[in-house]
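Since the structure of chain A is already known, use the hints to place chain B on it.
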Amino acid sequence: MNTLSDKLLGGKQGAVGLAILALMLFVVFPLWLDLFRLGLLGKYVTYAFVAISLVLLWGNGGILSLGQGMFFGLGGYCMAMFLKLEASDPVSTKIQTTPGIPDFMDWNQLTEIPFFWQPFKSLPLTLILVLLVPTLLAFIIGYAMFKRRVGGVYFAIITQAIALILSILIVGQQGYTGGVNGITDLKTLLGWDIRTDSAKYILYFTNAGLLIACMLLARYILTSKFGMLLLAMRDKEERVRFSGYDVSNFKIFIFCVAAMISAIGGAMFTLQIGFMSPSFVGIVPSIEMVIFAAVGGRMSLIGAVYGTLLVNFGKTMFSETFPELWLFLMGGLFIAVVMFFPDGLAGIYEKYAKQFKVNELVSSYLAKSGKKVAKLIGEKA
Amino acid sequence: MSNTDFVLALEDLTVSFDGFKAVDALTLYIDKNELRVVIGPNGAGKTTVLDLICGKTKSSSGSIKFKNQELTMLSEHEIVRAGVGRKFQTPSIYENLSVYQNLELSYPVGRSVWGSLTFKRTAAVSEQVNKIAAEVLLTEQLHMEAALLSHGQKQWLEIGMLLMQDPELLMLDEPVAGMSVKERDQTAELLKRICQNRSVLVIEHDMEFVKKIAHKVTVLHQGKILAEGSMEHIQADEKVIEVYLGH
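So the protein lines, in turn, are chains A and B.
Taking my numbering, I'd label the letters of the first sequence as residues 1 to 381.
Taking my numbering, I'd label the letters of the second sequence as residues 1 to 247.
Any given hint might turn out to be false.
[Said to hold, decoys possible] Okay, derived cross-link-like pairs now, DSSO-like style, lysine-lysine, Cα gap no bigger than 30 angstroms in a straight line:
#  : chain 1 : residue 1 : chain 2 : residue 2
1  : B       : Lys224    : B       : Lys32
2  : A       : Lys94     : A       : Lys121
3  : B       : Lys21     : B       : Lys58
4  : A       : Lys147    : B       : Lys58
5  : A       : Lys147    : B       : Lys120
6  : B       : Lys56     : A       : Lys147
7  : B       : Lys32     : B       : Lys239
8  : B       : Lys216    : B       : Lys56
9  : B       : Lys212    : B       : Lys239
10 : A       : Lys147    : B       : Lys65
11 : A       : Lys147    : B       : Lys21
12 : B       : Lys224    : B       : Lys58
13 : B       : Lys67     : A       : Lys147
Derived by calculation from the structure, the hints in this document are not laboratory data.
Next up, chain A with everything else stripped away, as it sits in the complex (with noise of 0.2 angstroms):
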């Protein structure tokens, strides 16, 4: 664990797993897909920036947090503000009653753009924001829970409890907001149409990078001593904590990287999709990312990722057909993983390619066909 290298990959066997994902969404996805199954990939691909959140705070922490859809909608939302403010130029909304402001605005008789969406108007801070806002807000709530010890059952119900009250605020303030609706009509970025196909693509590996990076980061962080206190927090908190340790740091510091995390994935989606709304803060959301995260394997960050691209190409194919046993069956898969197979995907696999050596198999066949394309390089040069 000590060079920089064995941190971010997590050694040879995860570097081989993180070579494969990144194969998969920069190559294989890419050249096998068509544009609008991509999209719905990328789309998915920004929720499993929430999952690998979950796999620091829950897998390792044990810290499960049921309002993670609030970070991931906050950075969306800001994300989605900077955009609607671009978009509502005073030339394209000059039938409103105020031209210049965004068009919920006019509708809500708001004749100017309101002090907290000032900021939005520049990219650099509205990139800012988006990392900081969700962040704050997770140091205030675990500064307010963990130095008061809340832990366990008791954080995961009030983590629900402020998400469903951020929606409902959300949806409330239909001036400030857009309400129900959610921002819509974003067009483009700096000028830039993020609606052609181009920009899609284009959009699509810019997630995928920041989902690695994100990968890298996390991965750093659980190889790091850091990494080896969740465990032990998750597990003898008191001996922890009568280690030396000052636990409540602990725990606030991976609840606000796991924010920001799934802030990053929320503004990817405004980007990719062209719009936010509330029905990504609330509890639904924030308890269908725990079922990815559980799904994929809560101790794995490979496997959260694989999970939630399962679990959500599964739930597009199911709700084509019968919209109305969806639910119903994504509980029921959530019952059974965790009662059979309490790491998930990665939990399986771990027991049985191990078996018969997959890992190597692969990593050697990589090694091959990298030494033949260098050879062909070579040849050609």
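Chain B alone, transformed into the frame defined by chain A:
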């Protein structure tokens, strides 16, 4: 409260739970390099005294001074950092981590969030881990998952985790509970070795074991001190025989 030469000075210490005084105006002094054993029947308040010293339970009144520093106002991790280590009654170790990692996590460097993120396993860390592992007889199990250790080895591991912090006051709650005769003897030897340059406060039930290790014995009964002195003195005490040894 006056300053003293003692490592630990409890004065007039009282804690009451809904009116029930678990520890009642207790005054107790522990010297440098002393190994003190506290005995007493169930419910005498022995574990509560340790809870009070290490900050797990807040006292109702009285003072706890460690090297003349008041501990009652400090939080748990601050008390540990001041130099007080505490072993719990049931072995409290990180079962999912290796013995090595268990010891490493107890090394008193990188205790802040940032410190733990940038912590490096230096030669000094490895050396200390190996030294302590040898001390608590776990060298061969160093890379084993802690969950696989025997009960006695888990107790030693927790003692080892405390030694990693090199505390000036070590508090052990029933360290030989559940150990075999041989393991008890080895633990007695271990305790004699580790109290060379620190004070040790032990709670124990096993009289044979107490005889082997104690410099001085304190008998607690209903939150108060019943008797204090050498083991021979205690065994001859009428009151002690009545409430405890006689049964």
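Hint numbers contradicted by this structure: Violated hints: none at all, because every hint is consistent with the structure.
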